[in-house]
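> Residue numbers (this note's numbering), protein chains in the order written: chain F, 1 to 316; chain A, 317 to 632.
Simulated from the structure, these hints should not be mistaken for lab results. Fair warning: there could be bad hints in the mix.
Said to hold, decoys possible - To list a few chain A residues with every Cβ distance to chain F over 12 Å, as calculated:
| id | residue |
| --- | --- |
| 1 | THR375 |
| 2 | PRO434 |
| 3 | GLU447 |
| 4 | ASP457 |
| 5 | GLU477 |
| 6 | ASP494 |
| 7 | ARG529 |
| 8 | SER616 |
| 9 | SER629 |
Stated by the list, open to error - Now the in silico label distances, taken between C-beta atoms and shown as ranges:
| id | chain 1 | residue 1 | chain 2 | residue 2 | range |
| --- | --- | --- | --- | --- | --- |
| 10 | F | ARG272 | A | GLU352 | 29 to 37 Å |
| 11 | F | GLU226 | A | ASP530 | 37 to 45 Å |
| 12 | A | ALA549 | F | LEU293 | 25 to 33 Å |
Stated by the list, open to error - Not everything, but these chain F residues come out facing chain A in the computed CB check (under 8 Å):
| id | residue |
| --- | --- |
| 13 | PHE3 |
| 14 | GLY153 |
| 15 | LEU199 |
| 16 | LEU202 |
| 17 | SER215 |
| 18 | ASP216 |
| 19 | LEU220 |
| 20 | ARG292 |
| 21 | LEU293 |
| 22 | VAL295 |
| 23 | PRO298 |
| 24 | ARG305 |
| 25 | ARG310 |
| 26 | ARG312 |
| 27 | SER313 |
Cβ atoms here follow ideal geometry from the backbone N, Cα and C, with glycine treated the same way.
Each chain is listed here by its residues.
There are 2 protein chains.
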Amino acid sequence: MSFDRACVIGAGSIGSLCAGHLGQVAEVSVLVRRPEHAAELNANGLRVSGKSDFTSRVTAATDPDELPVPELIIIATKAMQVEEAAAAISGRYPDAIVMTIQNGLGTEDVVAAHGSWPIVSSVTFMSGTKESDSHVHYELDTATWMGPFHASGTSFETVKEIGALFESVGLKVEVLPDLRPAQWSKLIFNASVNPVSALTDLPHVQLFARRDRDSDLGHLMFDLIEEGKRVAAAAGVELFEDPWEMNSRAVQQGSTHDDEYAHVPSMLADVRAGRRTEIDFILGSLVREAHRLGVAAPLSEGLYRLVKARDRSYDE
Amino acid sequence: MSFDRACVIGAGSIGSLCAGHLGQVAEVSVLVRRPEHAAELNANGLRVSGKSDFTSRVTAATDPDELPVPELIIIATKAMQVEEAAAAISGRYPDAIVMTIQNGLGTEDVVAAHGSWPIVSSVTFMSGTKESDSHVHYELDTATWMGPFHASGTSFETVKEIGALFESVGLKVEVLPDLRPAQWSKLIFNASVNPVSALTDLPHVQLFARRDRDSDLGHLMFDLIEEGKRVAAAAGVELFEDPWEMNSRAVQQGSTHDDEYAHVPSMLADVRAGRRTEIDFILGSLVREAHRLGVAAPLSEGLYRLVKARDRSYDE
């Protein structure tokens, strides 16, 4: 299988990083919501600066009918927009592979409800900042982890081919026969770092791992992560990495490479911009799993309700 | 005992309400931190609008040496400024009574370390908004509860006299031989409403009592209050009022008398203004009691650490 034509749906920072890089070796189309976003991409191409440095030509539109038929579709929207993205390609492109790259759990199921494509699950640790609609700055060049979404019958071979495609344009990849251990590791990491950051208005700083004084935030992070690990254990998932160590390492990197580390977790960026967060797909999905499995998770429940209420504060 | 000369330390909204009202029947002095605040009070007096309507002459200064010797001292600062306020009168006025009127627990002990005055404990449910340094708008004309701080040997008779003084100027008072049941009721109420409001950026609205959907904030409020009630029970305190009912009633009042109800809890006002909160004296004092008594209070601990971290965000 070859991937000469890829379509990226959603061109936030992760979608732009995917489209910009893949545009170096494939014909890349981009499906966006705003006509002016499409116009700017068509006029200027997509510039990537930072860890990579080039500009790729892309074809952008707000309507999939205006785009070439893709062999690979990467849904790179926020989790709560996956439904809309999948609906836009519902019934189309029966020969394509669809890849999801959201935080949290459950977006593969949303996609599967719209078509019988083989689905590739992924979680990414790379990060970037959108400087404009046609320019993304590539900050953390850490790996994207990919695996087959088994319920859709995806072969591991397909995942390896997509992994090879990403590596051919300089992106770091880890291909796994079962993504769940990695997905859950990142879920538990995100489900603690993001809400705590959004609620305290603090970027992901050293305090998140400090446990000296009783009031230190590291205690809360540790307790939250312990709850998440108990849920994972009850779900039969053996974690790929200890989320507490991911937390400690990330704040350590942040303190030594201030310019390079993406300090502001996406949920804090959302709150600061007055946007709704992805809480239902991140901490919310962990709370739902805890309920389903009968695991006590009082802190996770409490923080979930706080962020939900904060989201609702925009309606008040 | 008579109270011809009263001194109010701290002229935020509660201090201004006390000074303005007492100025109708007594010679009132006000000790403040900012010279321009003192100058404005000396020039214009203290105007009270809303539920009361008058202007009282007061004598204000930043140095107690410039004020007459008081018979009654009301420390009406925020909890974390009580230390500074008590230090300012340390060793002075041996014949005076000192009254505290902070949220939370423990400010009486801070005062007692600075002198052997009989101390009157109080908690207040009245509220107001400072329109300027010399004008306070009286919003909620609910009662102030007063009782003897027994460790300082205060007689109940003294408390009744101060209660009568407050009532003589139209303030509502409940005098109690033991304030702890009322103080703890308000502590648990405040220790839930204030942090949840500060963290969600929501005023004290109906959502705080709603428990329909799993994500509703009422569940968190209920669980937090249950923790507080377990701590009170372990401390041997029988509550004066159920804090969950206080919460439900307050949001109910808020929805029917929008103009009159003080929607924005003080901790949310602090966070919005970028000021440090009183968290250590409110939820913090409950967490310390939980630790001392060996009561599990994971949600209280978690929210305490979130607000502490939010306070620290001003340093980052």
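> Determine for every hint whether it applies to the structure shown.
Here's how the hints hold up against the structure:
1. No beta-carbon of chain F comes within 12 Å of the beta-carbon of A/THR375; the shortest separation is about 40 Å.
2. For A/PRO434, the requirement that its beta carbon stay farther than 12 Å from each beta carbon of chain F is met, with the minimum near 34 Å.
3. The beta carbon of A/GLU447 is kept farther than 12 Å from every beta carbon of chain F, the shortest such distance being approximately 24 Å.
4. Distance check on A/ASP457: its Cβ is at least 26 Å (rounded) from any Cβ of chain F, clearing the 12 Å threshold; non-interface status holds.
5. With a least CB separation of 40 Å from chain F, A/GLU477 remains clear of the 12 Å interface cut-off, as annotated.
6. Even its closest Cβ contact with chain F, about 30 Å, leaves A/ASP494 beyond 12 Å, as expected for a residue assigned away from the interface.
7. Taking the minimum C-beta to C-beta distance to chain F, about 9 Å, the non-interface status of A/ARG529 is violated against the 12 Å cut.
8. With a cut of 12 Å on Cβ distances, A/SER616 falls inside the contact zone with chain F, its closest approach being about 10 Å.
9. Not every CB of chain F lies more than 12 Å from the CB of A/SER629, the least distance being 5 Å, so the non-interface label is violated.
10. Against the hinted window of 29 to 37 Å, the Cβ-Cβ separation of F/ARG272 and A/GLU352 comes to about 34 Å, which satisfies the hint.
11. Separation of F/GLU226 from A/ASP530 is about 22 Å and departs from the stated range, judged on CB atoms against 37 to 45 Å.
12. Look at A/ALA549 against F/LEU293: about 31 Å separates their beta carbons, and that is inside 25 to 33 Å.
13. Given hint, F/PHE3 at the interface with chain A, is violated; its Cβ is 40 Å from that chain's nearest Cβ, farther than 8 Å.
14. Restraint check, F/GLY153 versus chain A: the minimum CB separation of about 33 Å is more than 8 Å; hint violated.
15. Because the beta carbon of F/LEU199 sits about 5 Å from the nearest beta carbon in chain A, less than 8 Å, this interface hint is met.
16. For F/LEU202, the interface hint holds, since its Cβ comes within 8 Å of a Cβ in chain A; the closest pair sits about 5 Å apart.
17. The interface hint given for F/SER215 holds, since its Cβ lies 4 Å from the closest Cβ of chain A, which is under the 8 Å cut-off.
18. For F/ASP216, the suggested interface contact is upheld, since its CB lies about 7 Å from the closest CB of chain A, less than 8 Å.
19. For F/LEU220, the interface hint holds, the least distance from its beta-carbon to any beta-carbon of chain A being 4 Å, beneath 8 Å.
20. Given the 8 Å rule on beta carbons, the hint for F/ARG292 is violated: about 12 Å separates it from the nearest Cβ of chain A.
21. The closest approach between the C-beta of F/LEU293 and any C-beta of chain A is roughly 15 Å, which is over the 8 Å cut-off, so the hint fails.
22. With 8 Å as the threshold, the beta carbon of F/VAL295 stays out of range of chain A, its nearest partner Cβ sitting at about 14 Å, so the hint is violated.
23. Of the supplied interface hints, the one on F/PRO298 holds, with its beta-carbon coming within about 5 Å of a beta-carbon of chain A, less than 8 Å.
24. A distance limit of 8 Å between C-beta atoms decides the matter here; for F/ARG305 the minimum to chain A is near 4 Å, and the interface restraint holds.
25. A hinted interface residue such as F/ARG310 counts as satisfied when its beta carbon comes closer than 8 Å to some beta carbon of chain A; here the least separation is about 5 Å, so the hint holds.
26. Residue-level restraint check for F/ARG312 holds (minimum Cβ-Cβ distance to chain A is 7 Å; threshold 8 Å).
27. With a cut of 8 Å, the hint placing F/SER313 at the interface with chain A holds, because the nearest CB-to-CB distance is about 5 Å.
Hints 7, 8, 9, 11, 13, 14, 20, 21, 22 from the earlier list are contradicted by this structure; the remaining hints agree with it.
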